[in-house]
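Student: Sequence:
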Amino acid sequence: MVLNSSQIDVLKNFCALILCGHNVKAFHRCRECMENAEDEYGGIPDVLYVLSGNDIDPDDPFGNVADDDKQAVKPQCYLISSDAGAPDLEDFFGFIEDIRTARGLDFTVEEERFSDDDCIVEWLAELSAQLEDLYIVNFDGAGEDYFFTIMNKEDCDKARDLFKKMTAHIDGYSFSSCIITSDFQG
1 MVLNSSQIDV LKNFCALILC GHNVKAFHRC RECMENAEDE YGGIPDVLYV LSGNDIDPDD
61 PFGNVADDDK QAVKPQCYLI SSDAGAPDLE DFFGFIEDIR TARGLDFTVE EERFSDDDCI
121 VEWLAELSAQ LEDLYIVNFD GAGEDYFFTI MNKEDCDKAR DLFKKMTAHI DGYSFSSCII
181 TSDFQG
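Heads up: the sequence shown begins at 1 in the working numbering, then just goes up one per residue.
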């Protein structure tokens, strides 16, 4: 599917907002994902993987995740991609630190309030309870993975609006985004 100029602008603005600035390589790869989508998801899951630094290797016939040197975005810095069963708690803290550094955010995490016995669902709820004037926004990737980042309210609202516009033309699946709160259930 060829994107029209409005769709291209929305995608460009979404990518720039998620990545804290324009990344030509990432934008072009995301556009390629949407234009070459072969399923009812319109390339959106692939776009989210690209933005999280977990793009597939286009040269790999099995579609495995590309090595870091082939990624358009440094893995796990601006947008986290994680399934419900992963990561472990130490990795989760690392991802949150990566987001904080990449986005230039100022917050502390009371790590003692988290438990290894819990999973990402409980950790996101707890993190949400600890954030002040910042929000965790999750984008539906048409699967069990979570695609989330931390933003101020204005950027969070812009990202959700752009995501809605970016996915509006897709028939076959209705995408959504949400702000994760302290009562998040997954």
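In short, the hints are calculated from the structure, not lab data. One should not assume that every hint holds.
As the list claims (entries may be wrong) - The list that follows gives simulated cross-link-like pairs (lysine-lysine, DSSO-like), each with its CA atoms no further than 27 Å apart: (1) Lys164 <-> Lys74; (2) Lys153 <-> Lys165; (3) Lys164 <-> Lys25; (4) Lys164 <-> Lys153; (5) Lys74 <-> Lys165; (6) Lys74 <-> Lys12; (7) Lys25 <-> Lys158; (8) Lys158 <-> Lys74; (9) Lys12 <-> Lys164; (10) Lys25 <-> Lys165; (11) Lys74 <-> Lys25; (12) Lys25 <-> Lys12; (13) Lys158 <-> Lys12; (14) Lys12 <-> Lys165; (15) Lys153 <-> Lys74; (16) Lys70 <-> Lys25; (17) Lys70 <-> Lys153; (18) Lys12 <-> Lys153.
Said to hold, decoys possible - Cβ pair distances, simulated, as ranges: (19) Asp171 <-> Asp133: 19 to 29 Å; (20) Phe62 <-> Glu90: 27 to 37 Å; (21) Leu89 <-> Glu144: 32 to 42 Å; (22) Asp183 <-> Asp161: 22 to 32 Å; (23) Asp161 <-> Asp133: 26 to 36 Å; (24) Ile56 <-> Met1: 11 to 21 Å; (25) Asn64 <-> Asp91: 31 to 41 Å; (26) His22 <-> Asn64: 26 to 36 Å; (27) Asp171 <-> Thr108: 36 to 46 Å; (28) Asp59 <-> Gly172: 43 to 53 Å; (29) Glu32 <-> Asp133: 29 to 39 Å; (30) Pro58 <-> Ser182: 39 to 49 Å.
Predicted model only: the values in this text are computed from it and were never measured. For every residue, glycine included, the Cβ atom is placed at its ideal position computed from N, Cα and C.
Student: None of the hints should be skipped; say for each whether it holds.
Tutor: Structure-based check of all given hints:
1. Lys164 <-> Lys74: 25 Å, holds
2. Lys153 <-> Lys165: 18 Å, holds
3. Lys164 <-> Lys25: Status holds; Cα separation ~23 Å.
4. Lys164 <-> Lys153: 17 Å, holds
5. Lys74 <-> Lys165: Judged against 27 Å, a Cα distance of about 26 Å means the pair holds.
6. Lys74 <-> Lys12: 18 Å, holds
7. Lys25 <-> Lys158: 22 Å, holds
8. Lys158 <-> Lys74: 23 Å, holds
9. Lys12 <-> Lys164: Answer holds: Lys12 to Lys164 is near 14 Å, not above 27 Å.
10. Lys25 <-> Lys165: 22 Å, holds
11. Lys74 <-> Lys25: 12 Å, holds
12. Lys25 <-> Lys12: Satisfied, since the Cα-Cα distance of roughly 11 Å is no more than 27 Å.
13. Lys158 <-> Lys12: Since the Cα atoms of Lys158 and Lys12 sit roughly 13 Å apart, the hinted pair holds (cutoff 27 Å).
14. Lys12 <-> Lys165: The hint holds at about 12 Å.
15. Lys153 <-> Lys74: 24 Å, holds
16. Lys70 <-> Lys25: It holds: about 11 Å lies between the C-alpha atoms, which stays within 27 Å.
17. Lys70 <-> Lys153: 32 Å, violated
18. Lys12 <-> Lys153: 20 Å, holds
19. Asp171 <-> Asp133: 19 to 29 Å: Violated, at about 38 Å.
20. Phe62 <-> Glu90: 27 to 37 Å: The hinted range 27 to 37 Å holds for Phe62 and Glu90, with Cβ atoms some 29 Å apart.
21. Leu89 <-> Glu144: 32 to 42 Å: Once the Cβ atoms are compared, 19 Å apart, the range 32 to 42 Å for Glu144 and Leu89 is violated.
22. Asp183 <-> Asp161: 22 to 32 Å: 24 Å, holds
23. Asp161 <-> Asp133: 26 to 36 Å: 20 Å, violated
24. Ile56 <-> Met1: 11 to 21 Å: 19 Å, holds
25. Asn64 <-> Asp91: 31 to 41 Å: 20 Å, violated
26. His22 <-> Asn64: 26 to 36 Å: 28 Å, holds
27. Asp171 <-> Thr108: 36 to 46 Å: 44 Å, holds
28. Asp59 <-> Gly172: 43 to 53 Å: Since Asp59 and Gly172 have Cβ atoms about 29 Å apart, the given range 43 to 53 Å is violated.
29. Glu32 <-> Asp133: 29 to 39 Å: Once the Cβ atoms are compared, 36 Å apart, the range 29 to 39 Å for Asp133 and Glu32 holds.
30. Pro58 <-> Ser182: 39 to 49 Å: Distance hint for Pro58, Ser182 holds at roughly 40 Å.
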